[in-house]
Amino acid sequence: MSHAITPDSNKPTRTENALRWVGDLDHPFYDDERNRFVWYEASAISFQFLLVANFVSMGLILWIGGASGLPYALAFFVPTVAASIIVESSVKQRRAMYWPGREDFTRSRGITAIAATVFWLSGACRAVLDLPSDDGQPFASFIGGAQEGLFVGLLAGPIGAIVALTLARRKQNRTDSEL
Amino acid sequence: MFYISGVSIDGSPSNNVRRFRRIADLTQAELAKTVGVSRQTIVSIEGSDYAPSVYLALKLASTLETTVEELFTAQKEPTQ
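Read top to bottom, the protein sequences are chains A and B. Residue 157 in our numbering sits at position 176 of the first sequence, with consecutive numbering throughout. Numbers given in our numbering equal positions in the second sequence, counted from 1, plus 20.
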């Protein structure tokens, strides 16, 4: 029996097939629905744990290592973002996207996620300010050049993400209301 | 307030799968093989630790020659 990641459509797309391959969803073990349910739930817990653990790790690397820790933090950042994109694209395709509301940020789980995010973002700010500028002085004493771009990017990234999320949420709501 | 017996959270067996399996003279392993799941899944269903999908409930009912309603009856929540 093949349990579909996209039960709404008969023929899975290439992306869906790729996602199934990544998740190993066609493994015979998952033919047992309880096995599937339990393992998917455990995987969700594991993913959420990795998300917070990676943020904290990035924060530690950046706060301890400063500018020299940036490449190492990047090694955590890229897979974390990639995994988040895979999760979002997968649930979007299945029309189960969840957009966090205000109440989500007042729960202990939400506060933990925010604290981890603030920790690594503040570490990133510190690391960028610690970068040597063209004249060898720390960036904090020289706002300009390529480092300024980095700093602006660091600020623009989260703002851009919030704007993109808001637009995507509105688009999804419009699409849903048209169904 | 009603709840489905298969999802009661107090852990007490509240469905009739075990009773009908014994009537059908099947072991948990035999029933599991017939409906295409692991024995552990049958154990969990009988112990009300896991509520099966509609499709699995239908398979169980068919194998045990009964109905889904007989296996998983909606019960009234006991008053405190």
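Treat the hints as calculated values from the structure; they're not laboratory data. Built from N, CA and C at the ideal position, the CB exists for glycine as well. Careful, some of the hints might be misleading.
[Unchecked claim] Every beta carbon over 12 Å from chain B, so not counted as near; a handful from chain A, in silico:
(1) N16
(2) R17
(3) G47
(4) A48
(5) I66
(6) A96
(7) A145
[What the hints assert, rightly or not] With a straight-line cut-off of 16 Å between C-alpha atoms, the simulated EDC-like cross-links for lysine to aspartate or glutamate are:
(8) K79(B) x D111(A)
(9) K53(B) x E14(A)
(10) K53(B) x D13(A)
[To be verified] Covered stretches of chain B (chain A as the covering partner; in silico rule of three or more C-beta atoms under 8 Å from a C-beta of chain A):
(11) 51 to 60
(12) 67 to 73
- Message: Which constraints among the numbered hints does this structure fail? Numbers only, ascending.
- Response: 1, 2, 8
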